[in-house]
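A.B. asks: Chains A and B, in that order, are what the protein sequence lines are.
Going by the working numbering, the first residue of the first sequence is number 1, and it counts up by one from there.
Going by the working numbering, the first residue of the second sequence is number 1, and it counts up by one from there.
Do not rely on the hints blindly, as some may be mistaken.
Stated by the list, open to error - Computed beta-carbon distance windows for the label pairs:
(1) B/Phe44 x A/Glu187: 37 to 43 Å
(2) A/Thr98 x B/Arg89: 30 to 36 Å
(3) A/Lys101 x B/Glu153: 41 to 47 Å
(4) B/Pro221 x A/Asn197: 43 to 49 Å
(5) A/Val368 x B/Phe44: 31 to 37 Å
Unchecked claim - To spell it out: a stretch of chain A is covered by chain B in this simulated footprint if at least three of its residues, at any positions, have a beta carbon under 8 Å from a beta carbon of chain B; those stretches are:
(6) 67-76
(7) 85-96
(8) 562-571
(9) 718-727
To be verified - To give a feel for the contact side, a few chain B residues facing chain A, derived at Cβ under 7 Å:
(10) Gln52
(11) Ser54
(12) Val70
(13) Tyr205
(14) Val234
(15) Arg241
(16) Phe272
Calculated directly from the structure, the hints in this document are not laboratory data.
Ideal placement from N, C-alpha and C gives every residue a C-beta, glycine not left out.
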Amino acid sequence: MHLNKYTLCFLIAIAIFIIAPGASALEMSSKRDCVVCHIMWLDDFRTDKETLVDFQPGNVLMKDTQGVVSSEEICYSCHDGYIMDSRNITWNFNRHPTFVKPSKNITVPMDLPLSAKGEIYCGTCHSAHGKGASPHGNPLGRTSVFRDLNIDSSLCEKCHREEASFKFSNSHPVHTDALELPDALFESGGTKATEKNKVICQSCHKTHGAKGKKILIVDNSGSGLCVMCHKDQGLLIDTKHDLRVTLPDEKNINGQPLSESGPCGACHTPHRASGKKLWARPQKQGNPATQLCLTCHGDDTPYEIKRTGKYSHPINVDPLSKDRIPKDLPLFAANGTKDSNGKVQCFTCHNIHRWDPDTPSDRGGKNVEGDSSNSFLRVSNNYSSSLCLQCHTDKKQIVTSDHNLEITAPKEKNFQGVLPSVSGPCGVCHIPHNARAIHLWAKEPYGDKDFVTQLCTACHNENGAAKAKLLGKYFHAVDVPLDKFNISTTLPLYDSEGNVVPNGKVVCITCHDPHTWDPNNPIKDYPNTNIEGDARNSFLRRTNSPSSDLCMACHEDKAYVDGTDHDLNITNRDAKNMLGQTVEESGQCGACHLVHNSPNKIKLWAREFGAVPKDEDIVNALCNSCHSKGNPAEGKIPTIASHPEKRLVNNIMRSNRKLLDYAPIYDKQTGKEINVGNISCPTCHNAHQWNPVIKAKGSYKNLEGAATDSFLRNVSYNNICIDCHGLDALFRYKYYHDPEERVEPLPSRIKFSN
Amino acid sequence: MRNRKAFHKNTVHFFLTVICSFLFIASLSTDVQAIKLTYVKHLFDITGSFNQPSDIAVSEKGLIYVVDGVNNKVRVFNQKGKPLFSFGRKGALNGQFNFPLGIDIDSTGKVYIADSGNHRVQTFTSSGDYLSQIKVPSNNDNPSDPTDVVVNESSRKLLIADNDNHYIQSYDLSKGVFTGTYGSPGMEKREFRYPFLMAADSDNYLYIVDVINTRVQVFNPEGKFVMIIGGWGVEKGNFFRPKGVALDSNNRVFVSDSYMGVVQVFEHNGQFHSAIGDRESGSVKKFLTPVGIFIDKNNRLYVVEMFADKVGVYSIED
Numbered sequence: 001m002h003l004n005k006y007t008l009c010f011l012i013a014i015a016i017f018i019i020a021p022g023a024s025a026l027e028m029s030s031k032r033d034c035v036v037c038h039i040m041w042l043d044d045f046r047t048d049k050e051t052l053v054d055f056q057p058g059n060v061l062m063k064d065t066q067g068v069v070s071s072e073e074i075c076y077s078c079h080d081g082y083i084m085d086s087r088n089i090t091w092n093f094n095r096h097p098t099f100v101k102p103s104k105n106i107t108v109p110m111d112l113p114l115s116a117k118g119e120i121y122c123g124t125c126h127s128a129h130g131k132g133a134s135p136h137g138n139p140l141g142r143t144s145v146f147r148d149l150n151i152d153s154s155l156c157e158k159c160h161r162e163e164a165s166f167k168f169s170n171s172h173p174v175h176t177d178a179l180e181l182p183d184a185l186f187e188s189g190g191t192k193a194t195e196k197n198k199v200i201c202q203s204c205h206k207t208h209g210a211k212g213k214k215i216l217i218v219d220n221s222g223s224g225l226c227v228m229c230h231k232d233q234g235l236l237i238d239t240k241h242d243l244r245v246t247l248p249d250e251k252n253i254n255g256q257p258l259s260e261s262g263p264c265g266a267c268h269t270p271h272r273a274s275g276k277k278l279w280a281r282p283q284k285q286g287n288p289a290t291q292l293c294l295t296c297h298g299d300d301t302p303y304e305i306k307r308t309g310k311y312s313h314p315i316n317v318d319p320l321s322k323d324r325i326p327k328d329l330p331l332f333a334a335n336g337t338k339d340s341n342g343k344v345q346c347f348t349c350h351n352i353h354r355w356d357p358d359t360p361s362d363r364g365g366k367n368v369e370g371d372s373s374n375s376f377l378r379v380s381n382n383y384s385s386s387l388c389l390q391c392h393t394d395k396k397q398i399v400t401s402d403h404n405l406e407i408t409a410p411k412e413k414n415f416q417g418v419l420p421s422v423s424g425p426c427g428v429c430h431i432p433h434n435a436r437a438i439h440l441w442a443k444e445p446y447g448d449k450d451f452v453t454q455l456c457t458a459c460h461n462e463n464g465a466a467k468a469k470l471l472g473k474y475f476h477a478v479d480v481p482l483d484k485f486n487i488s489t490t491l492p493l494y495d496s497e498g499n500v501v502p503n504g505k506v507v508c509i510t511c512h513d514p515h516t517w518d519p520n521n522p523i524k525d526y527p528n529t530n531i532e533g534d535a536r537n538s539f540l541r542r543t544n545s546p547s548s549d550l551c552m553a554c555h556e557d558k559a560y561v562d563g564t565d566h567d568l569n570i571t572n573r574d575a576k577n578m579l580g581q582t583v584e585e586s587g588q589c590g591a592c593h594l595v596h597n598s599p600n601k602i603k604l605w606a607r608e609f610g611a612v613p614k615d616e617d618i619v620n621a622l623c624n625s626c627h628s629k630g631n632p633a634e635g636k637i638p639t640i641a642s643h644p645e646k647r648l649v650n651n652i653m654r655s656n657r658k659l660l661d662y663a664p665i666y667d668k669q670t671g672k673e674i675n676v677g678n679i680s681c682p683t684c685h686n687a688h689q690w691n692p693v694i695k696a697k698g699s700y701k702n703l704e705g706a707a708t709d710s711f712l713r714n715v716s717y718n719n720i721c722i723d724c725h726g727l728d729a730l731f732r733y734k735y736y737h738d739p740e741e742r743v744e745p746l747p748s749r750i751k752f753s754n
Numbered sequence: 001m002r003n004r005k006a007f008h009k010n011t012v013h014f015f016l017t018v019i020c021s022f023l024f025i026a027s028l029s030t031d032v033q034a035i036k037l038t039y040v041k042h043l044f045d046i047t048g049s050f051n052q053p054s055d056i057a058v059s060e061k062g063l064i065y066v067v068d069g070v071n072n073k074v075r076v077f078n079q080k081g082k083p084l085f086s087f088g089r090k091g092a093l094n095g096q097f098n099f100p101l102g103i104d105i106d107s108t109g110k111v112y113i114a115d116s117g118n119h120r121v122q123t124f125t126s127s128g129d130y131l132s133q134i135k136v137p138s139n140n141d142n143p144s145d146p147t148d149v150v151v152n153e154s155s156r157k158l159l160i161a162d163n164d165n166h167y168i169q170s171y172d173l174s175k176g177v178f179t180g181t182y183g184s185p186g187m188e189k190r191e192f193r194y195p196f197l198m199a200a201d202s203d204n205y206l207y208i209v210d211v212i213n214t215r216v217q218v219f220n221p222e223g224k225f226v227m228i229i230g231g232w233g234v235e236k237g238n239f240f241r242p243k244g245v246a247l248d249s250n251n252r253v254f255v256s257d258s259y260m261g262v263v264q265v266f267e268h269n270g271q272f273h274s275a276i277g278d279r280e281s282g283s284v285k286k287f288l289t290p291v292g293i294f295i296d297k298n299n300r301l302y303v304v305e306m307f308a309d310k311v312g313v314y315s316i317e318d
């Protein structure tokens with residue numbers, strides 16, 4: 001049998017171990033102070049005498065092996081008040097889990113040992129031989145019997161790396177000081193960091209003596225801990241967004257019921273959230289400041305609660321313009337953070353944590369239907385639509401106008417049955433979600449015309465709230481395209497769905513901006529009663545007096561009347577139209593034309609027709625309404641002003657109103673343009689232009705005319721007279737109103753009865 | 001070559017013989033010596049809303065007072081363990097507690113509580129009404145930590161264990177005036193490392209549990225050192241975490257050890273007598289963290305099991 005020297009040494013070692021049972025313990029050091037904790041090092045276990053406790057084998061010096069020294073019993077034997085009283089801190093409440101294996105989210109570093117079973121135990125974090133022995137702890141992280149320093153929870157973060165890397169793991173921020181941490185947090189057991197307001201793990205967690213689950217410093221099942229810092233968000237409690245009220249069976253992504261997660265935890269989880277905002281529910285792609293809301297309010301969710309509907313306020317859009325960025329409402333960047341250069345999102349208008357912006361103590365409740373004063377709006381919207389007008393500043397005049405139905409029609413409800421006093425001025429006609437139609441329309445449709453017309457006729461109908469303001473029998477053409485008349489305009493034209501399009505039609509809101517009573521001078525002291533408008537206001541897009549800028553936006557060729565003798569601002573400011581309006585009130589155009597409620601179909605004439613003999617062209621009556629005795633132009637009554645009858649004139653070659661030789665002929669009765677008829681005043685006169693060859697406004701002086709101007713339509717050498725009279729035409733043309741010089745004898749029938 | 005092989009063979013035989021011999025000797029030596037037991041009969045447990053209770057005392061009238069320190073209360077029970085009343089709540093005002101630990105009751109029924117966290121001893125009537133307090137002074141900058149109190153009525157002394165300062169403070173019982181200290185920090189006689197619960201015998205000798213020195217020191221009424229009971233270890237008569245001490249009518253000394261979970265009995269002269277035993281198993285009875293103990297005039301042993309949140313009540317059979 002052969003034995004080498006190694007075998008011999010092995011046998012000798014075994015023999016020595018058996019011969020001297022206490023020798024091993026002595027080698028480990030059985031100094032008394034060590035044995036205060038290292039009980040198994042006692043020599044007593046290596047004698048033949050009975051011991052009062054059993055020897056527990058296990059090499060306590062081996063790394064990653066838990067010995068008796070790190071057992072809870074050893075710790076408690078001193079910390080039960082007999083050396084240090086840790087009963088309340090360590091054993092009275094919750095504490096960091098021990099004797100469990102670290103979760104898959106935890107990576108325990110090599111220098112923090114686990115037990116032989118791979119479990120966390122007291123000695124994982126604690127060691128009497130650790131780096132930072134300081135009896136009562138100090139700000140530099142020196143805490144009694146910690147294995148390593150714990151500066152601002154650095155020891156925690158050695159294992160909880162994901163939580164520490166909060167940006168990557170969607171966890172609650174740490175090492176930031178965005179909020180002021182309240183004293184209540186620290187009075188409740190939170191640990192102050194080395195810098196004021198810096199959030200650390202131990203701001204919220206206590207490894208020992210935690211009164212809440214998840215070793216939170218206090219019970220957070222009612223989110224009491226969250227709202228210590230997030231006070232404003234605490235206003236959510238007991239509102240509809242407190243899911244305990246509305247969806248009591250809900251669970252968050254961690255599977256926590258509401259009784260465990262608390263109201264905040266229903267939607268937010270402090271660690272490993274599904275996305276931004278610590279979201280604790282499934283999160284969709286897109287801007288969090290909107291998508292979080294759609295988690296529950298989206299049309300594709302199982303929750304049939306307060307969906308936005310087909311017609312809803314646009315989101316993820318830029319503000320209306322750079323100069324209309326709301327002051328009190330936030331915009332959001334793509335990552336859901338507030339950004340003044342961002343876009344409009346749900347969070348722009350809604351503060352989902354506060355039911356009532358004016359009365360935060362009002363929490364609403366499960367069965368309380370919201371309105372524009374609450375509904376988690378950031379700003380109350382009921383009285384003056386303050387919320388809407390934050391962005392829609394150009395609509396501000398609605399509040400001090402007849403279109404504020406709270407003043408002019410307080411009983412008029414929107415289609416949801418809400419009164420103006422509740423909906424606010426905007427809410428009468430528009431609701432932000434679940435509207436009836438585009439433009440967020442909130443009124444029942446009225447009539448059978450296209451949608452855009454219905455917007456106005458919803459109130460402006462015979463039974464509507466605005467029945468005193470109807471169009472009348474004759475009114476300006478609507479629902480007509482301008483290209484039919486070869487007219488272009490700078491005013492908005494609309495398609496049938498209410499979209500502004502270049503080749504659209506003229507509709508009410510082409511001329512009217514229903515939100516702006518006076519385009520130039522907003523009312524400062526609205527009398528809170530219905531006021532009568534005129535051409536300077538009346539929701540016109542442009543003021544129409546003293547210059548008829550609005551009319552001229554389309555009727556460009558009529559703009560030359562400005563400053564001529566036919567501008568009553570120049571020649572007769574006191575003259576009134578059929579509505580009793582002076583030219584200042586009616587505007588230049590309104591002196592002769594009524595856009596609404598005209599009794600006259602022809603040219604929507606605004607004055608009493610002048611007298612014309614039987615069989616005379618009706619269009620002459622328009623001229624005679626001023627150019628007759630007792631009327632504004634009685635000084636300009638032609639002695640003779642008619643063409644012989646039965647000598648019908650054909651103007652087929654002069655019917656193009658764009659050409660200089662245009663010479664219209666009118667039907668006697670209807671006043672419509674025809675091609676064969678008699679000559680009437682407008683055949684030769686263009687009432688809107690003083691000089692036929694100068695397309696310009698007048699001189700703003702009352703001028704005496706001559707044969708080259710005087711509102712003549714054409715130059716004398718190219719007038720319609722030459723079509724029949726040839727070379728004699730010039731003579732006839734010049735003396736047309738001169739009874740003495742005219743070629744024909746004066747027919748009695750055209751003699752004016754003066 | 002052959003001789004060399006034979007040498008190796010003989011060597012192997014030699015070592016194997018040696019090993020087997022020692023294995024045989026070792027197996028004989030593992031026959032442990034049995035520990036003498038004093039059996040107790042379990043009467044009942046007092047449980048309820050305790051939170052890590054620490055000490056107990058029984059009045060002359062038989063009322064059981066338990067210091068329920070983490071709840072900052074003293075709970076009072078009758079002899080059958082039925083709860084009667086409690087007093088105290090957390091705070092620093094008169095009658096309030098900050099994690100109290102020790103208790104004693106004088107012959108008149110006056111209750112003395114070591115209100116550790118408030119650095120004072122408070123006295124109450126037997127019904128829990130606040131009477132007075134002694135503020136236990138700091139030792140320079142080191143705050144006092146009064147963990148137990150013993151009333152010596154014959155010598156009119158009030159003795160307070162100052163755990164963190166490692167000495168015993170003496171007060172005039174009538175006036176509440178500080179009269180001196182016993183001991184100092186250390187491991188020698190009359191020196192302490194975390195003195196804790198105390199008891200007095202019928203001759204007013206003071207028995208002080210010296211926790212980290214793993215012993216009970218005995219002082220005479222004048223404060224002179226008399227002897228040491230127990231020693232360092234886990235064998236009979238040794239302590240690892242001695243916590244509570246009590247004396248029976250024969251002045252036998254009972255000492256609890258919270259880590260080992262045992263109560264040992266010593267003769268009046270300090271010699272080991274026995275360990276409290278469990279008759280059913282015939283072995284040493286195990287308690288869960290026994291701390292404060294008390295033996296009343298009916299020879300009933302009360303054991304506060306701190307971690308178990310209960311008080312076990314036993315009759316001592318011999």
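A.B. asks: Could you work out which of the previously given hints the structure breaks and list their numbers from low to high?
C.D. replies: 3, 4, 5, 8, 9, 13 and 16
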